[in-house]
Every structure is written in structure tokens, then in C-alpha cells.
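Undergrad: Guided by the hints, dock chain B onto chain A, whose structure is given.
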Amino acid sequence: MTSIAIPRPAYAERPWILDWLTTVDHKKLGILYLYTTMFFFAVGGILALLVRAQLAVADNTFVNNDAYNQIFTMHASAMLFLFIIPVWAGFGNYIVPLQIGAADMAFPRINALSFWLIPPAGLLMFSGFLFGGASDVGWTAYSPLARSSGVGLDLWIISVIILGVSSTIGAANFMVTMFRMRAPGMTMFRMPIFCWTMLVTAVLQLLATPVLASGLAMLYIDRNFGGSFFDPNGGGNAILWQNIFWFYSHPAVYIMILPGMGIISEILPVFARKPLFGYKAFVFATMGIGGLGFSVWAHHMFTTGAVLKPWFGFMTFMIGVPTGVKMFNWLGTLWRGSITFEAPMLFALGFLSMFLIGGINGTFSAAVPVDFAIHDTYFVVAHIHYVLFGGAVFAVFAGLYYWFPKIWGRRLDERLARIHFALQFIGFNLAFFPMHLLGLDGMPRRIATYSESSGWETLNLISTIGAFLIGVAMIPFIINVVMAFLRPKDQPNDPWEGNTLEWWTTSPPPVHNFDSLPEVHSERPLWDLRHGKAAH
Amino acid sequence: MPSTGKLRVIRRVNLLISAALLAIASISPAFAGWGMPEPITDQAKRIQDLWVFTLIIALAVFFAVEGALLYAIFRYRKRSDELPKQTHGSTALEIVWTTIPVLIVITLFSYSFIVLRDVEKKAPSDALSIEVDGFQFSWQFTYDLARLGQGQAPAQEGTFSIIGTAAQEPTFVIPVGEPVEFRLKSNDVIHSFYLPNFHYKLDVVPGRDNRFVITANQTGEFTGQCAELCGINHALMRFHVRVVERAEFDKWVAEQVANKATVRQP
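In the order they appear, the protein sequences are chains A and B.
For what it's worth, my numbering labels the leading residue of the first sequence as 273, then goes sequentially.
For what it's worth, my numbering labels the leading residue of the second sequence as 83, then goes sequentially.
Source of the hints: derived by calculation from the structure; they are not laboratory data.
All residues carry an ideal CB built from backbone N, CA and C; glycine is no exception.
Incorrect hints may appear among the rest.
Said to hold, decoys possible - Covered stretches of chain A (chain B as the covering partner; in silico rule of three or more C-beta atoms under 8 Å from a C-beta of chain B):
| hint | segment |
| --- | --- |
| 1 | 289-303 |
| 2 | 591-599 |
| 3 | 645-653 |
Same shape as in the complex, but just chain A (with noise of 0.2 Å):
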């Protein structure tokens, strides 16, 4: 085996604090970015406890209607904006380096700058509780309905543009980083899947969020300074800042399960001790998945009567068919494996049964007629949240129990883990399930309340229950995370077996990631080292 030595800079000892406030390390600042999602997520976690508390019971006067609306807004912006979009970048912030064999990220001062943007927005976004409460026109502020809401939703819109232009300017990081900066013998075609995926939402991320800043700007304008962009009174069009708006949040939507997706993909690979199957088809369809996802925005509005139903309900469907092609190649993977079920993979299989339900489910707003009815239901809350939180929060945890002993150099406990899985996932389905009936029995969305005669009291009480499951299945999480801190560092290089660069490096890595690096000659560098080239 050869190495390629790599030279050691120094560093200067600064205090703790100051060195946390001034890293430029992608390390340090992938740590800051998961606490701070994490915390986030905790947050929007406790206002859709909130939700589901008022919505428990018929004609629940628990919070008012008032109050109602900001609080699904806020949960909503949340979790998307300020959590599930950036706990990506956290991630990517730590391990793609890793994973491709560099010192850092490309620009290590932007990539600071596109972390401490977050903890400013999302205060603001939530400053607008003191100042008369925060946005409460849902996170896909609909004008003109946005136009006449209080002095939270422009705290909200200029937060929201601060935290994309820091997913924009991270997002090109992560590109420049992954083009310039791999490993000698590192082909694109050999770089870990997970990389692949954050390249594909970077991509999208740049595309994407700058439209949805320029639509925000104008909305801004119409609230503050007489604007009309989206007034019809005025001249405007409503249904503009509709396409304007879902001209990002669709591919936001590939943005916020596509790293996900990435980390099932090195999961599954060394839990079942086989290759990922089909690598470059995942890797087209990784692309096919992001090209397509430009090209579907429009099935949000299919009920707005104003645009192309059959080419959208079109491309809906065919956007089914990369997803699909995923799922087979992870089974694929799996078949005639040799799988063993830690933690991490616990949280990947998870993912893998419940994200195809997600990707199903969805399908049926692709039929255009049956769109009409389930549209704005609760059928599309369960959708979205069998791929946001069925998809993207398991791939969270999966990604967290996975490389908790390379970021901190501790493990956690196997035992507390399965019973945070086991409540998590019957928790999701409890909460979740009964929303695919409600939405099909005529519950539609963002409903303060429902009156008795609705019939639909069952079937809430029940996803309430499977809420407050989900809130106790972090408890054991939280105190595995805990006593792991409290433990000392005593992992090994490459406590799973891995496959990738990030193992063959101290855990946690020194400053400068590598002493030396290994030849790669597949997209298994360490499988190769382990079992020889021969074994591939």
C-alpha cells in the first residue's frame, strides 16, 4: 500500500469560546450546524405538538385561531428552513471533506459565513412573537393574503432571503469543493454517493433559491412600499408569486431528501457488506430526479385553474420513475447481503420503508382528477410528511448514529438506540397514517379547528397520540447523547467497517483531516485496503 504524505500546518492555541466564534474549520462548523438544526428541530418539534394538541379533540379552544396560524406557520418554516435545509449542510460540512480526501472546504471563511447567517434568520424569523406575532400565513405565504398580514411576515421574508443566500453561497462552496478538491485517484465516478447527492442539491440549491429570493423581494415591496407584483387591483397576478414560489420550494423539496437519500446510500452498502448496486445508475437518477424536479413545480396549483394541468401531471408521474429506480437499486444492494442491524442501518430500513410510501402517496396528486380532491387535504400533509419526516428526519438519525463515533469519538448505546427507533416509528406512523383518511374524507389543511359532525375526531386523537409518541421517542435519543458526552473518547479509526475516506482518518480527525491518504481506485477506497483490489 502506498500513501501520499500530506503536510502539517500549525496552529496557534486560542480560548475555547473564541476559537468556537472565530472556526473556520468545516469541522467545527458542521458540529455548530447540527446543534443549531438540532435545536430548531426541537422547536418546530414542540409546535406541531401544539398543533396536534389543538386539533386532538372537535371545536378545542386550546389556542385560538390567531395564535393556530402562526403556529403551523412557524412550525412549518422551522423545520424546512431552518432545519431539514441546513442540518444537510451540517452534515456536508463534515463529512464531505472527509469524504473526498480534503484539508477543508474550498472557501472556509464563506462556509463560516453561510453558518452564522443561520442563528441571526432564524431569530429573526421567531423575533416576530415579541412584535405582534410571527408570520402566520402558512410557509407558502399566498398573496394577496400575504399582503395584508402584520410586521411577522416581513421578519419572516427577510429571514428567509438571509438564510438563502447562505444556502446559496454554501452551495457553491460544496460545488468547488467536490470539482477541485478530491483525492489523488478520486474520479468523479469514484466519489462516495453521499457526495454525489450533496453536489446535486448544490446545484439545484444555486438554480433554485435565488428565484425564490427575487419573488420574496417583490412581495416585500408590494407589502412596504406600494408594489402591486401580486395584487390583480393593482394590476398584479396572484397566481404569480404561486409560480414563482413553488419554482423553488419543488426542488427544495429534492434539496431537503436528496442528502438523505445520499446517506441511506453509505449506509446500506456497509451494513450489508455489499456494494451500493448500481452506482452510476443512482447517480443518474440522483440527476434525473434534480433536472425533472425543475419541470414540476406547477403540481401545486393544478386547483389554481391557471396553469398546464396534462404537462405537469405528466412530469409528475415521470419524476416517480428515477425515485423508483432508487428504491430498486437500494434493494439491490441489500439482496444476498450480509446484513447486520445497528443502528444506523435501523434508521436507513426505516427510511426505506416508509419513503416508499411517501413516494407512493405522492403519485396520486400526478393524477390531476384525483388531485382535485385530495388537494390541500390532510391526504398531502401525510404525503409530505412520509418524505420529510419518513424520508429525511430517519436519514437525520441514520446519518447522526452513523457518524457519532467519527464526529465525537464516542458511540451510542445500541440498546437506547432500538428503542428510540421502535417508539419513532410506530410514533410516525400513528401520527401520520390517519392523515391519508382525513384528507380523503374531506379534512383539508390549516383548519384552526373542525366542528363534531365532521366524523373526524378519531382519527385526529389517534395522530395526536402518534405525535406525542414521536416527542417521548426523543427522550431515550437525547440521554444516549448525553451519556455518550459523558463517556471518554474511545472510538477506533473505523468502528463500522467503512468504505469511505472519512474512516481511514482518527475519530474525531485531527485539524487537518489527514496525515496521509490511501491510493483510491474505487468508490471503496477502504474496502479495497481491507479485502484487496481482488475482492471488489
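TA: Same frame as chain A, but now just chain B:
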């Protein structure tokens, strides 16, 4: 000739399938609409047929893939330290599992396209036409005496309206068995006119002339509500429709007309 062991497995699988079918059949009355409420219009029936067709394919895909996943999890768990065969993929398989979904989605698209054309057919010019105004936070239903449907010569000119409030949910009336057109108007924000038993909703957009047609096929009273977040009392924007025979409809119209307060001469 299969071995006896294989035969036993086949028999067992057959037994399992029969038991599953029996179980589904026994609970099926509870799922008469396959999860959807009763369709009360010709268009809703078409949409429900499409829903059922799509659902059957979806369930088939779900059970096939979830079944394969569960099989893999149990069958291929680690039994020894021996490394499994390192298969990197198969172009043939990739082509197969790209082609099959493409064929499925083309089928689904074609069927949904046909249904789409049918449910979006325009109203005949002599159909009953009702203007629906969504406002924060209720509805107004305006009938034009010159457009009361069934090819009747207009008895008189003018309009009458049913106006609701968030506290007083409005009830409007339509006749069964003939096309009824709804013209949707809003002057404030976007609402969505949604009646679950129509299996249909259409947004009420300021500055847009959105209309749709239904033909009710049964009488009764049904409830709908706004489906697009429109402000603080969005949840209270409910309305009711009474579907009645033509004669009763005419009687109801006469009562409304007699109530001069709601009639506005042009």
C-alpha cells in the same frame, strides 16, 4: 415435477393468499369508497374510479416492494463471516426497472388525462349557473333568474343571493340530474371552493374567472368548506348544499324570489 417440499410451500402460499383475500372482502364494506366519501356527481364518480384504479396499482407496488424489503431483511441477515458476492449492478435490471415504471406511469397518465377532459367539460349555455363569491370569512351564492337551467325561458330578470357569515353557514340549493355551473369570484384573498362529495375543488382567485360544472346524481344535504388558507377564520368558512328534485328547486327559487329583499332588479 416440483418436489413435495416445494408443493407444500406453494399450498401454504395459496392458503395465505386466500386468507388475505377473505379478510379484505370481509372488511371491504367499511371501505366502500376506498377511503373517499360518497360521490354525488357524475364527475365525482369518474374521479373516484380513477382513484380506485390508481390505488390498486399503488397498493400492488407497495406490497411488492415492501415485501421484497422485508424478505431481504430476514433472508439476508448476517449468518457467517463469509463475505457476500460483490455484485456492482446490472444494466439489464436497471433497464427493466426503469421501463416497467415508465409503462405504469404512462398508463396512469393516459387514464387520468381522459378523466381530466371529461370532468372539465364546459357547461351547456342554458345550464343553471351560480356565482360563488368567497370572502373573509364566508360565501355568497348568487342565482341569475335568467340562467336557472333546463332550457326554461327566464321568468323574470334579476338575481338573488344566499349570503353566509362565519357564524351563520350558508346553504344553497341545486337540482339533481342536470349540469350546474359554478363561477368563482373573490375580491379579497384566494379561497378554495371544496365539497368533498364532489371530489373536487377549485380555487377562488381574485382577478381570475374560474368555473366548473357538475351534474349531481343524488339528492341530500352535503357540507363543504374553504380549502385554501385565507386568514384567521379560515376553518369556519363552511357551507352546505341541498341537492333536490327539479320541482322542489323551482319551488325554492319561487320562495327566494317572493322574498323581495334578496331580489335585485337589473
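Undergrad: Take the hints in turn and mark each one as holding or not.
TA: Right, here's what the structure says about each hint:
no. : hint    : verdict
1   : 289-303 : violated (count 0)
2   : 591-599 : holds (count 5)
3   : 645-653 : holds (count 4)
Checked against the numbered hints listed earlier, the structure breaks hint 1 alone; every other hint is satisfied.
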